[in-house]
Amino acid sequence: MAGVGMHKCGRYPEKTCSELAVVAAVNALDDANVPWGDVQAAYASHVAQGVSVGEAICEKLGLTGIPILNVENACASGSTAVREAFYAVGHGVYDVVLVIGVEKMGRGVLGGAGEEGGLERLLGLNVMPALYALKANEHMHKYGTTKEQMAKVSVKNHKNGCLNPYSHFQKEFTVEEVLASRMICDPITLLQCCPTSDGAAAAVICAEDVVRKYNYKTKVFIAGTALQTEKYGSEQDLTSRTAQVAYEMAGLGPKDISLAEVHDAFTIGEILHYESLGFCPRGEGGRLIDEGRTEISGDIPVNPSGGLQSRGHPLGMTGVAQVCEVVWQLRGEAQGRQVKDPRVGLTHTQGAGGVCSVNIFVR
Amino acid sequence: MDDTSKPHKTLPIKEGIFKIKDGQYFLVGTRCKSCRRHLYPPVEICPFCFVRDVEEAYLSRRGKLQAWTVVWVPPAGFEAPYGVAYVDLPEKVRVFAHLADYKADGLKPGMEMELVIGKIKVDREGNEIIGPKFRPVANGG
Ligand SMILES: [Zn+2]
Ligand SMILES: [Zn+2]
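Those protein sequences? They're chains A and B, same order as listed. Residues 3 to 365 in the numbering used here are what the first sequence lists, from first letter to last. Residues 7 to 147 in the numbering used here are what the second sequence lists, from first letter to last.
Simulated from the structure, these hints should not be mistaken for laboratory data. Just so it is clear, the structure is predicted and the values come from calculations on it, not from any experiment. Think of the CB as a built atom: it goes at the ideal place given N, C-alpha and C, for glycine as much as any other residue. Where hints are given, some of them may not hold.
On the chain A side, residues computed to face chain B include the following (Cβ under 10 Å) [said to hold, decoys possible]:
no.: 1; residue: Ala-138
no.: 2; residue: Leu-181
no.: 3; residue: Arg-184
So here's chain A without its partners, still in its complex pose (with noise of 0.2 Å):
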């Protein structure tokens, strides 16, 4: 990872979506140092933006006719774009590319992935809050986590978010506030939403021997990277089995993971990540929480950047954001919400349709 960089999410109702990325984009090469001249192939991440966005970009940065992919992979459009970019520079077919993942989002609740005419979408059961606030009902049930818990996770990413200059949101809420809001799916209420912002993300990716031609930053590598979908008769759950392909391309395991990135789109979605990423037993996600582990200042940070709660979710941006995030992190340059010493970051997105993608950086 060469070079990161961002447009601060938010709602910019006055600008394209190419205009943001570019930004991010610019940023991104200045991070690194790459003149777009040596950019031999570009991968554009977005979901609900219409045809050929990356096209779009490019022709803003400059027409130099390299090879330009658009990505769509629900929410885990950015990180599988990181993958494949990754794939094509570690295999040698070229030495720079840039990763751009950029969304400007509508109005109202998440809808999920059902297909136009499918059953889902005609019950009106499309509704993404619905579906995890059935995994929270199941998680209540069956492990005694509580809404002070979750609301806890709202809490601690909203409080990191207000550290980061990128982030949509920053504002602080107490436990209270968080329960006291708008009541959106039982027991999922309004600030345990991820916000509806748009913004963009960048990152450069040399292969290892060009990199030191750009600059002479800490060197992130990608040491794992895995996609999966949902597997009918799996007895793993979808994020668990992601996570142990990553674990096993990276040789690494919870225990070596400085501080992640994951897809807390709704709260409980953290408290379940916590467990299949194998930072704790499975159904002690709220002791987690509880004993304040995953923040900053624990041993295992989450979400430091203020993570989908406080920055923000636009959906082609998300895995890319969370790249910058480890990347800064990392390379000791996260200032206000630095977590100590750190040496593998992990990223984690979850996507309507049933895919999820886990990446791991070493420095």
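Since chain A is already given, all that's left is putting chain B with the ligands on it; use the hints.
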């Protein structure tokens, strides 16, 4: 107001996902002739063993409540609040459906639920759209 000159109709949410047999509604799923698994909603290809030799199957009208929630902020075209639930049928099929009454008291994981067909929403023409819902089995029922 609605156009009262046109009689409003009652329409199924989707053809073929529930049918009447012997005066009772049943959810209609698929049974794979090769691995014998049941699936709902109906499919053309078995996703477990990838064979196309599948047949229509009427599913049990009762199952166990696994988890539920109330949707307070609905997608377009729906009126909140409404309850949704996972119900596990004896055929090892998990059905994602509406609750007949989101205020139903004493819902408990594992409790016995039964299928009813009821109003899901009213469409733009004022037709009543009906579909599968579940409610707790009445005591002694
Ligand atoms: Zn998402
Ligand atoms: Zn089969």
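Hints, one by one, checked against the model:
1. Ala-138: The hint holds - Ala-138 (chain A) has a Cβ within 10 Å of chain B, the shortest such distance being about 8 Å.
2. Leu-181: violated (14 Å)
3. Arg-184: Interface hint status for Arg-184 (chain A): holds (8 Å vs cutoff 10 Å).
Hint 2 alone, counting from the list given before, is not met by this structure.
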